[in-house]
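Taking the working numbering, I'd label the letters of the sequence shown as residues 6 to 519.
Quick caveat, the hints were computed from the structure, so don't treat them as lab data.
Hints are supplied without guarantee of correctness; some may be wrong.
List time: in silico DSSO-like cross-link candidates among lysine-lysine, alpha-carbon distance up to 27 angstroms [unchecked claim]:
# : residue 1 : residue 2
1 : K165      : K105
2 : K345      : K366
3 : K268      : K366
4 : K275      : K264
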Amino acid sequence: MIVIYHLGNKITDVVSMDNQKIKFDCTGTISAGLIQLAAVFPDEKIVWCHSNYKEHLALEKINTLHHHNKMMLSFRPESNNFFDNSIGYVEESLFINVNKMVSYPTWQMSSYVGVIHASVLNAIGDKIICEPYFDYYLSSLAKLCMPLGLLCYSEPQLLKSVEIMDSTATASSVTLFRFVKQHYKTRWVFLLALNLLLYERKILFYPFISALFSKRRFNNKININDIVVQSSRVIADKGTIDVIIPTIGRKKYLYDVLKDFSKQSLLPQKIIIVEQNPEPFSKSELDYIETEQWPFEIQHIFTHQAGACSARNVALKQIKNKWVFFADDDIRIGGDFIEKTSENIEKFGVKAVSLSCLQEKEVPTFNTVFQWGSFGSGCSFVASDILKNRSFNLGYEFGYGEDSDFGMLLRNQGYDVLFLPEPSILHLKAPVGGFRTKPILKWHDELIQPKPSPTVMLYLITHNTKQQILGYKTVLFFKYYKHQKSRDPFQYFAVFNKQWNQSVYWANQLKIDS
Numbered sequence: 006m007i008v009i010y011h012l013g014n015k016i017t018d019v020v021s022m023d024n025q026k027i028k029f030d031c032t033g034t035i036s037a038g039l040i041q042l043a044a045v046f047p048d049e050k051i052v053w054c055h056s057n058y059k060e061h062l063a064l065e066k067i068n069t070l071h072h073h074n075k076m077m078l079s080f081r082p083e084s085n086n087f088f089d090n091s092i093g094y095v096e097e098s099l100f101i102n103v104n105k106m107v108s109y110p111t112w113q114m115s116s117y118v119g120v121i122h123a124s125v126l127n128a129i130g131d132k133i134i135c136e137p138y139f140d141y142y143l144s145s146l147a148k149l150c151m152p153l154g155l156l157c158y159s160e161p162q163l164l165k166s167v168e169i170m171d172s173t174a175t176a177s178s179v180t181l182f183r184f185v186k187q188h189y190k191t192r193w194v195f196l197l198a199l200n201l202l203l204y205e206r207k208i209l210f211y212p213f214i215s216a217l218f219s220k221r222r223f224n225n226k227i228n229i230n231d232i233v234v235q236s237s238r239v240i241a242d243k244g245t246i247d248v249i250i251p252t253i254g255r256k257k258y259l260y261d262v263l264k265d266f267s268k269q270s271l272l273p274q275k276i277i278i279v280e281q282n283p284e285p286f287s288k289s290e291l292d293y294i295e296t297e298q299w300p301f302e303i304q305h306i307f308t309h310q311a312g313a314c315s316a317r318n319v320a321l322k323q324i325k326n327k328w329v330f331f332a333d334d335d336i337r338i339g340g341d342f343i344e345k346t347s348e349n350i351e352k353f354g355v356k357a358v359s360l361s362c363l364q365e366k367e368v369p370t371f372n373t374v375f376q377w378g379s380f381g382s383g384c385s386f387v388a389s390d391i392l393k394n395r396s397f398n399l400g401y402e403f404g405y406g407e408d409s410d411f412g413m414l415l416r417n418q419g420y421d422v423l424f425l426p427e428p429s430i431l432h433l434k435a436p437v438g439g440f441r442t443k444p445i446l447k448w449h450d451e452l453i454q455p456k457p458s459p460t461v462m463l464y465l466i467t468h469n470t471k472q473q474i475l476g477y478k479t480v481l482f483f484k485y486y487k488h489q490k491s492r493d494p495f496q497y498f499a500v501f502n503k504q505w506n507q508s509v510y511w512a513n514q515l516k517i518d519s
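Given these sequences and hints, build the entire structure.
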């Protein structure tokens, strides 16, 4: 392990794990120093730390926290990040609103303290310009490499004690606009300027114009696929699995799913089936649960209560084993599906993964393990110990967003959700069963219908920053404007605002009721 201490955009000291000084030319930028040290020490972790935090650096924890080579950790013990909240006008993702009390996925890296393996820096080399501003370089590196499979986190345990101090962001408006131009499509520079004008009454002419002359950065020349991943974390009892399947009206499809599970090279211990039928006098149609022999326990629960959120919550109360597979009733899986998934979980040392779930003949979009921006409520494995006292929010019932919301519950406990491209799941999208009768929602009779859906708004007001919500509003305005019969923008704006306010109102009602 090599430790770099820095102050005022310059490296002040380079030492080994046992605090032995390493001779090094410290005249260049910090980012260039990282690249040079990685070339000299290709098998080492490279740690950076601001000189003011030297006594607070938890060196003894770094090997445990940085448990495989394709990771990047950092921490900024301040309320703001390098970029201020205005970045939310540009990006809606969960990587913006960072929870600094837990390990949390984000590309927003910090110069205060952090660690990366030399093999990652050697793979990048000069493909990312060594910026004089270290925070900018680190954030650019993470932003470009996260989609390639570099796992990036804000990690408070890098410091011995964490006290989040109030602060202002470091980056200037010029730096913010430049970053947006270099890492997003050009239209986002215009939208950032528009949002700042609309919502903050700021006219940032010079930052806007200067950004247009910046060149876009791409990651297509960066290859980190050769970096071997093998976590040092021990994943106990990874083979003991409960499967949760909510079902309604899909007798044949569910039978095929159970048959697939019965042929697994690594069998589940228990399958919890929550069969729903809202008809008052209906009975179970799943006779094969009793008439056939199965190589695992099947716990069958029949209920007249409709709703996938409700069904999964019922099943979550019955889990006994160390892992839970959230499955759908119309999927097909290969014979080594559970075994391969367990191997990948052990390889990456994680407690939550969502798997590729494709329809027949659908071409995979992603071929790399990376930090997932959502959660698949019908295609995910989660460790049982992080599911205690957790449930799906019933405010999302019959709407959209319950899976993303559940994923955020896990992340805000400090557990990231990785996407696994392999093994994949075949999703049949059964034409029968499921919820074919459209439920009557609370806002059904409103004269002004909410837009977006109140369940979408519920997710936004629960998990996103104010700037992310307003940025989403601007994009939604333009998205629906082209579909309007009337081209009068003022008339449309008045109607749009009323629909937006209705959505906010009903989202808050859902929040109260749930």
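Evaluated hints:
Pair hint K165 plus K105 holds up; C-alpha atoms about 14 angstroms apart against a cutoff of 27 angstroms. Between K345 and K366, the direct Cα distance comes to roughly 22 angstroms. Compliance with the 27 angstroms bound is thereby established for this hinted pair. A C-alpha spacing of about 24 angstroms is found between K268 and K366, which places the hinted pair at or below 27 angstroms, so the restraint holds. Taken as a hint, the K275 and K264 pair is honoured in the structure, with Cα atoms around 14 angstroms apart against an allowance of 27 angstroms.
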